[in-house]
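With chain X fixed as given, assemble chain L onto it according to the hints.
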Amino acid sequence: MIIALSTISFLLAYVSVLTITALGGMFSEKSGTVALSLEGCMTFGAFSAGIVMYLLPSSVPDGISALIVIVVALVSAGLYSLLLAVASITFKANQTLIGTALNILSTALAVVLIKQVTKTDALPVGNSRLNFTRFYEIFNVNLFGVQGVRFNWLIIIVLVLIPIIYIIIYKSKYGLRLSSCGENPSSADSLGINVNRTRYIGVLISGLLAGLGGLLLITMNAEWEFANGANGFGFLALAVLIFSQWKTIYIFLGAFVFSIFKTISVVYPSIDFLANLGISSYFYLALPYVVCLIVLVFTSRKNVGPKALGEPYDKGKR
Amino acid sequence: MNKVKMFFSSLLKKDATKTVVTSLWCALFGLVLGFIILLCINVNDAAYGMTSVLGNYLIFTNPSDRLNYFGQTLAKTAPLIAMSLSILVSYKAGLFNLGGSGQYSIAVLVISFLGVGLNLPWWLVMLLAMLAAASWAMISGALKAFFNVNEVISGIMLNWIALYLVNGILTNSPTIWDSAHSESYTITNSSNSFIPSIGLDRLFAGNPIVGLGMILILVVVIIIYILFKKTTVGYELKAIGLNGDAANYAGINKIKNILIATAISGALAGLSASLNLQNGFTSWRLSTTPPDIGFQGISSAFLGGLHPIGIIFSSYFIVHITEGGSMITDLGFSPEVASIMTSVIIYLSGFVAFFKDVMRRRELKDEFNKMSRDKEGKL
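The listed protein sequences derive, respectively, from chains X and L.
For the first sequence, position 12 matches number 12 in this note's numbering, and the numbering has no gaps at all.
For the second sequence, position 334 matches number 334 in this note's numbering, and the numbering has no gaps at all.
Simulated from the structure, these hints should not be mistaken for lab results.
Being a predicted model, the structure only gives us computed values, none of them experimental.
Hints may be right or wrong, so weigh each one.
[Said to hold, decoys possible] From the structure, some residues in chain X lie toward chain L, with a derived Cβ separation under 7 Å:
no., residue
1, LYS92
2, ASN94
3, THR100
4, ALA101
5, VAL112
6, ASN228
7, PHE235
8, TYR250
9, LEU253
10, ILE279
11, TYR282
12, ALA286
13, CYS292
14, VAL295
15, ARG301
[What the hints assert, rightly or not] Listed next, the stretches of chain X that the computed footprint assigns to chain L, with coverage defined by at least 3 CB atoms under 8 Å from CB atoms of chain L:
no., region
16, 19-31
17, 77-91
18, 103-111
All residues carry an ideal CB built from backbone N, CA and C; glycine is no exception.
Here chain L stands alone, though its shape is the one from the complex:
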């Protein structure tokens, strides 16, 4: 019995456990606040609305519908994981990537031309999209490394430039642009550029958007995990993030590492676009603001405790409630209720460091008290 207790108390002392506990609290609080907002809007339907948001695919009674929408939620999680990893990599190197939306947009441009237009093999389209997004991100990186331009503000400016660039080019390309629906044509099932399903669709009631992409993203998560845990490149990036000048003094090239960090994070943002578009699920819609996914990536990166494995769960959670949120429109609620919940969760995840600190202090205090009690016993 005592051993079990010891095991749990040692588990609680671990940093990772603290992160998980505080993240769960953030998520819970965000959901409760969302429920209160639903109650304020419509008391009668609030409970059902909340059930839909939380249940997502579970509210369907037909098992094949359930599986189908479960697959859809999983497939939409993959791009968000990629975007969160993009935020994570730059954050570890001491940069805040607010330009994810712009990098995503540039990748969409490449995918539209090479995928929808030229029908090239999917892996080639994916690689070139990642390359293009990485180059776009490196504009921000180069401005930071050589001209000391704040990467947050240049990222935001590049988001808008990319938005207008993509809108301008795609709307003037009749083979790619479906002007009747003011969106680009989607990549179809039969196209070479479609990420193959490799039979996974059969597990999810034949939903074709489930496929190789999901396995691919798990591999990428592991690569990023190893990058920071085991490799010199990752170590140097982290060193730059902790104290750029000190690392530079110790012989780690600051300029080179800023460029590497932005290139990797750009490539991941490009991968996010590729996983989102090359399964035929979505395309580029004419919009007056940069795509949301860059900001959603920030939420799940921080909710996941800035850890590659944590990000898998936090991304799934965010997609789960966003998808659930899109089901409550017929109750008179806006789907943006889910967006309120996620933004409250990000807001609260800013407090995580503070509460972890409080928990640590309490432990130290307990230990101190215990030590002084032991001492008194001996005397």
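Isolated chain X (complex conformation):
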């Protein structure tokens, strides 16, 4: 019972992390900007929140602390994503290059700043683990009264956001404008849409949502090693986004399938059937990535992505 429930709580958390981050990436990519920096935005939001969690005195009431942490994660990741926006939209830089730079930068900043904040010279070099047990208890509630099983209530925020995002993308004026800037920016511009401003907003939203994903990811645990960044979850979310063909519902389903394999890699020792097979743990760790690659083979044939993805908008080419 406990194993089953904790497996479900892991699964739900992974689904939420991947869904919300991939949906964030969707805002950026639908507007025409490659979202390779999702990993960096997650890391940046997560470690900013982590530092606040470390420094916030326990005299601050739980509710207010949680609110502060959420705001910090969202805002910091949002601001960080603006670095991508400035470079790729205003200065027309290569978006893959900028994404890579931002991914490396956020991890390096996390390690340097965490070492600075915690002042732990005694730690081995390169170690930047932060412990936030108090916030683990704030963010993870004992939902069914079963000891040892906790649910992260940030999952509920994510579940509420999914339909809202669906409506914004498919039913609102802004959603249509966003897609038009990624499909055919010249015609969007000729109809009076400010392409660059729409793209800035798309990238900003992707940062905000990635920050939320990053916060959920680290608060699933009572501590996190920031030298590993977001442990590749940003890249996974990007893969989910691509094989879900940039569609909201598919993203949720894709994240679900993916999370099943990710959860297996974490909980397999406690499942007798899998533990008895005697297969190396590394096999289970690699499994989600292998599955992802296979799914990509079947879904990439048709070019369904935004047509102007990765191309800076040049008014002169209209």
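This is chain L only, laid out in the frame that chain X set:
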């Protein structure tokens, strides 16, 4: 006097000069930002920290120490040059190789088995490592060529798969794996698989990691330069990179060239692993993230202006400050400060095209003004 001025202004108009100038600006800006970060962390030691990062081996007073660490910096530059060339080759063919880390890991697996385990001759180990890495890279290439899978995302997925594959196999091979230190055994000086020093070590105070590898990488740089400058293969790769469909229409086989580009870039990533491990300097450490070198290669490839010769200098620069960065840990700084600097530099090198464009426009404007002034004079 006028001639000298003319010479300099014509030099400035050259595309290569513009690339060098903008790259230097990027590097300078990255360093300044790094210094500001050091100042924020610790005002008192920042200046000394920065001196260590910039000085690297120069901070040693003993000449033989200096030479020794200078040799070490040079020897560590060679693998980064190889990785940057790997990024360069695929980029010229219109592909972005983010899978360099995975290709490197697979080469490490081969080197560990054939080098540490079987003690085969160094050149054979190197060739087989390059072959293995090339095959791994071609998975990405084939997925791109036949199934239209985005090579960036498949490269990233293959990085993680390779990481777990190598971790899983090496940790279960007791003859190769040193479980006490959770890393694989290094290739020793006396092994057949050790890249020979051919006397170069004597120039660097007997540092054995300096050797044939450094000459080898210079030869490879020249080969890549000639490949793109003089050969049909290079021309076809560039054509595919500029406009794949147009090149295909003109009779250049797109699928074949994508496979060639990924194979060459994989082989170069494998060479990078070989140059890094077969001089006994390092080995495979148990890690939860793919090795950094694949991403470092991207920095130096772009900082070097995507030119084989430029890459030699940019790789040296990046290794120089990274090595310098590893010396400031005892001041209470993290070595990752160097990593902040390099990532800021890559970020800025994204702006290079934009600023080159600005410079070009200004020149055109000047020329136009001059022309109209001449015209007015005549009237």
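So, going through the hints one by one against the coordinates:
| no. | hint | in the structure |
| --- | --- | --- |
| 1 | LYS92 | holds (6 Å) |
| 2 | ASN94 | holds (6 Å) |
| 3 | THR100 | holds (5 Å) |
| 4 | ALA101 | holds (4 Å) |
| 5 | VAL112 | holds (5 Å) |
| 6 | ASN228 | holds (5 Å) |
| 7 | PHE235 | holds (5 Å) |
| 8 | TYR250 | violated (16 Å) |
| 9 | LEU253 | violated (18 Å) |
| 10 | ILE279 | violated (10 Å) |
| 11 | TYR282 | holds (3 Å) |
| 12 | ALA286 | holds (4 Å) |
| 13 | CYS292 | holds (5 Å) |
| 14 | VAL295 | violated (10 Å) |
| 15 | ARG301 | holds (6 Å) |
| 16 | 19-31 | violated (count 0) |
| 17 | 77-91 | holds (count 4) |
| 18 | 103-111 | holds (count 7) |
When held up to the earlier numbered hints, the structure conflicts with 8, 9, 10, 14, 16 and fits the remainder.
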